[in-house]
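Participant: Residue strings, one per chain:
Protein chains: 2
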Amino acid sequence: MKILPLAKLDKLLHPESVAIIGASPDKKKVGYAALRNMVLSGFKGRLYAINPKADQYGEIEGVKVYASINDIEDEVDLAVICIPARFIPSLMDDLGKKGVKYAAVITAGFKETGSEGAELEKEIVEIARKYGLRIVGPNILGVMDTSAPMNASFAERSPIKGDVAFLSQSGALLTGILDWSCAEGIGYSSFVSLGNKADLDETDFIEALADDEHTLAILAYLESISRGLDFIKVCKSVTRKKPVIIIKSGRSIAGARAASSHTGSMVGVDTTYDVAFEKAGVIRADDAQELFDMAFAFSFMPIPEGNKIVIITNAGGPGILATDAAEKSGLELATLSTEFKDKLKSFLPPAANFNNPIDALGTAQAEDYGKVLELSLLSDDVDGVILILTPQAMTEGQETADKIIEIRNKYPHKPIITVFIGGEILGPSIHQLKKNKIPCFPHPERGVRAMGALAEYDKIRKRPIDDKIPNLDRDKEQVRSIFDKVKSEGRKNLLGTEAINVAKAYGIYVPNTKLARSKEEAASLAEEIGFPVVMKITSPDIIHKTDIGGVRLNIKSKEEATKTYEEITAKAKEHYPETKLLAVDVQKMEKIGKELIVGSMKDPQFGSLVMVGLGGVYTNFFKDVAFGLAPLTKLESEKMLQRTKIYTLLKGVRGEPPSDIAAVNKTLLRVSLLVNDFPEIKELDINPFFVYEEGKGVSALDVKITLE
Amino acid sequence: MKILPLAKLDKLLHPESVAIIGASPDKKKVGYAALRNMVLSGFKGRLYAINPKADQYGEIEGVKVYASINDIEDEVDLAVICIPARFIPSLMDDLGKKGVKYAAVITAGFKETGSEGAELEKEIVEIARKYGLRIVGPNILGVMDTSAPMNASFAERSPIKGDVAFLSQSGALLTGILDWSCAEGIGYSSFVSLGNKADLDETDFIEALADDEHTLAILAYLESISRGLDFIKVCKSVTRKKPVIIIKSGRSIAGARAASSHTGSMVGVDTTYDVAFEKAGVIRADDAQELFDMAFAFSFMPIPEGNKIVIITNAGGPGILATDAAEKSGLELATLSTEFKDKLKSFLPPAANFNNPIDALGTAQAEDYGKVLELSLLSDDVDGVILILTPQAMTEGQETADKIIEIRNKYPHKPIITVFIGGEILGPSIHQLKKNKIPCFPHPERGVRAMGALAEYDKIRKRPIDDKIPNLDRDKEQVRSIFDKVKSEGRKNLLGTEAINVAKAYGIYVPNTKLARSKEEAASLAEEIGFPVVMKITSPDIIHKTDIGGVRLNIKSKEEATKTYEEITAKAKEHYPETKLLAVDVQKMEKIGKELIVGSMKDPQFGSLVMVGLGGVYTNFFKDVAFGLAPLTKLESEKMLQRTKIYTLLKGVRGEPPSDIAAVNKTLLRVSLLVNDFPEIKELDINPFFVYEEGKGVSALDVKITLE
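Taken in order, these protein sequences are the chains called A and B. Taking our numbering, the leading residue of the first sequence gets 1, the next gets one more, and so forth. Taking our numbering, the leading residue of the second sequence gets 1, the next gets one more, and so forth.
A portion of the hints provided could be inaccurate.
Note that identical chains are pooled: a pair holds if it fits in a single copy or bridges any two copies.
[What the hints assert, rightly or not] Dumping the calculated DSSO-like pairs for lysine-lysine here, alpha-carbon to alpha-carbon at most 27 Å:
1) K558 - K343
2) K111 - K345
3) K371 - K122
4) K623 - K639
5) K623 - K645
6) K111 - K341
7) K328 - K623
8) K545 - K651
9) K241 - K28
10) K241 - K462
11) K101 - K573
12) K651 - K435
13) K410 - K459
14) K371 - K28
15) K279 - K651
16) K371 - K476
17) K485 - K29
18) K343 - K573
19) K28 - K403
20) K514 - K682
21) K459 - K651
22) K459 - K308
23) K345 - K519
The hints are simulated quantities; they were obtained by calculation from the structure and are not laboratory data. Source: prediction; values computed, not measured.
Could you build the full structure based on these sequences and the hints that come with them?
Facilitator: Structure below.
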């Protein structure tokens, strides 16, 4: 088989020459295991062992030992490093000077051990950078590739050759999965330990593996993502070519962030990852079992052209379990045509069920299964097949497995997932299926979920290309000058009118609002604006105005405005006796619309989240909000809103007219541009945000902005 | 081992004599398989083969053949029936006369084939009833019990002896699970196929198995529940002694019910089962994998005394995955005492993690695992242990397994769940653990979920006994007479004032409401009640009054009342030109409270559901409602309300006073009594239902009642 080079990392995963630095004849040492694995892997390139005691050792496992990398005359693509951490900085210089391209640093004792180790890690990266030398690790199990083939690791063995790549931030998990996979018959193309990700990270490998013809799907176990925006960009493109499935751990340890805005309080510990994965087209596995069930499906089966499946079974019960699971997994049961059913009736007994799930009954022979399977694969209404078998008296396990393999080979264009419920009697048939690259699960739901992932990926690969960020009219200069002023005064929280002016500069409608610094001014501004008005306390020290009675609605006269000014400033002084600036925003009172909330919160990894959802008193209880990552495309803003439950209400129900959904979407785009143009915005709340009838717009009644 | 008889079904699961009716020497026949299985099972009692060709066959598998059951002189406890369906009615008479106690009808061809089969099934049950003969099936795989031991089935083999009972409504699933379990090493006490459940059903078996000392836990696969109320009653009592875990399938095929009430539209296809299982103390498994993972845990491990666990690992990654899963499974990570940590520090390397999850690092030896495990089991802060092992270079898989077994035997009082991530290298250790009755899973999350089920059961067994139905003052006679009148008029929907009077008779507060049959009467009644009033159209034909503009608020004068009467009756006539009775309810307009909805809906299996939750325009979007089954206890009504999200708001937030939660609960109890006293109530809606500040009560603004 012709081996196409990877576009990137080619000499890492498919090196022509490898040096094991710290190779040792001591079988207990990592330096021995790494060398032995390279030898056993069937590596076809040049292999060098490096150890200062070269003269003493001569050869290890048949590989000549050199005292130093400098003693090697040829080029070295990859150095596998097993020497103690403290010797690595000077080694890096040697490698760099020698022109070595990649270093896989197996050695531990870096960032994971504390600040001293972190310093050392930084040092070796800096040295390597000088020479353009790229590092995997440190603190890794190693790097394996079955198409090279090569195994630069201290694992107990090499993976089976297969079609999925697996990247793992936990080396120990990798050893476990390797051992488990060998027993289960799951093979891998590349098997990479990412370690501390001091230099190369998941994004580098995902990008490289996108072009690897031996890799059909990319799996990863990640505890963090190093470069959020690059990750999204790369995955967005890669996932059009092949699926990326990730289990991201640490949901429980991320902890809540400090947030002063409503939006911030709605952001869950894992919200950003969910949103980022969705944007990137990455499938998120819920647990390890699911991840590897998906690995089976993606490495053995083609992607379906839709989500319509047929369930074929020889028993009702498991068929119902599969049907129950189908809907949860985003699958639909294909409706069978009369023609299809008539064909089934021509050979199945009359008591069989000719609807989907098709119950061929306990008497079903291999021949029957074969015919139903073939009909299903040939039907235009069917995108994939779940085939369930229970070992009943007349069941032909082995023959049915053979039949399935035969038909799969004849019609390889649609996915078949089998569920053989058994172990002892069915053991050989199950083994036979797996050996022939047909996924087989012991319980219906696992099979259905795996098929669900295939169909989910079909949707992802066919997503419309959606990269155009709308370029709406906006006044950046105005916002820049407001922010400059706020910063120059040492403040982080914008005053009400400042935030309103920022919103206006970005085309977001806010009712007429003026700042009053005295009760007289309040009265005259109220008259100028026109009654009724709303009056709101404003101070850089006060964020939650309502909580201290700082917002008053429906003020109808100059007298009332004067009195209100006195009352709410007095109240505010009680709560914030130290505050220097205290004034009142006087705002035109708008009619009541449907109450939403719009907001944004900065994320350290992925930029800024934008949020929309149900506003008002229920906001915190129902958390009916959806998130997107700025900058949003038009489609993304629409999808966000559609994901909320309140959306149904906005569309108009029970005779009510629809709301101005277009205006909401436009606001989301404007907020997205604002936080994208000004990354110094830490949090933003538009709350309440009223939406009126279709064509009548929206109104941002209150805007809060906090800078970093 | 002494075999205690089961309190019920003793001669079925532990018969002293068994007759195989239709025993055959033909190895392809069910009658052969059943006889062979009885012989191979090691059955110690008397075994008879029955076949009209007795003379010809003589003996089958060493068992003497009789021509008829009447030829047997001794008593027969159990007849296993394998003859064609049409011969069974007359056989039933023979068995009855002979005094046979149980018949396990393996034969198919009954209800499952259509109406003719259903008739035949009814017939054999009727005959059996005459004699007190009880039937399992028909259409079953058979009945197996490993403590008897006996295997009265046509399965391929007997289950391994074990501690959990498994009941299944699908015989084929049973064959699959049997085969799978044998390979996995999962054993069973009883293994029962329920078939068509013409006579004996899940409730009978659960009740009987409660007293079986060989059964530690009862598992079931069910597609339906035959006697809902008995099921709840029996399980409520059984689950104090041992866990009952059920996978109930058919979520997807149940289909939505026709419902005319708001409450009805909120009842999901599976709501009643969830509520009934909760009331019964039954643990519901989400899928087959989970069911059998739980089987492992319950049959091998004791129930913990709480939900605080320690996670012990030799690698960070899987520890994080387990931690992520713990919260979802209702588990808490135990906080380790300083003393505990100091002890850990005395033998683990300094780089280890001494917090929970405890990472003993990749260098952890069997001895280290043993010490951490022992410390954990001895700690008062720890209820159970999840022990994770990955196969790293220094890992001692086998020795660690031995160590775990040794320590479990020393401290058998707390559950230990192991997760050995591997398959080839770790294979023997995993096998060793399972053989020694220690649950072992390949992925962290599965182990955590199994532990979660153990802890969930601990809560169930310790639930306070809660059986007292409050006996509140109520006027049954009044309601009876209203219902009689409605029925006598051939109506099903109560008029507004009728429904209001029913509510009042049960002590539910409804604002003063009078029925006006003319505009003049409307005006004078409005004045009598006192302005402002609400006017609502009333007619047995109109259910959704608001939809046709039939409800008007805030009517402030006699003139307005007159005009409103004309307008809304005219509107109603437009929509319902055929309606005979058309009048208007005039109601005192109450101040606005927090808006809830209270309702009830009849369930064919389990009696009446009672519902409470968020009312108003958001009801249908957020579906923030909780259900209970009538008759409710005080605790149940409180728990229902607490399960809603709106409850947090009712408790009072952001300085708002709390709502009158006690009055809401009392209303739930009154509705529960009403629907329990009058099972003819099909649907009931109290909507809107206002709740005011604590001490200020509630108000049922509108009541709708539909009879069956």
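Participant: Taking the numbered hints from earlier one at a time, note which ones the structure violates and give those numbers from smallest to largest.
Facilitator: 1, 3, 9, 11, 12, 16, 17, 18 and 23
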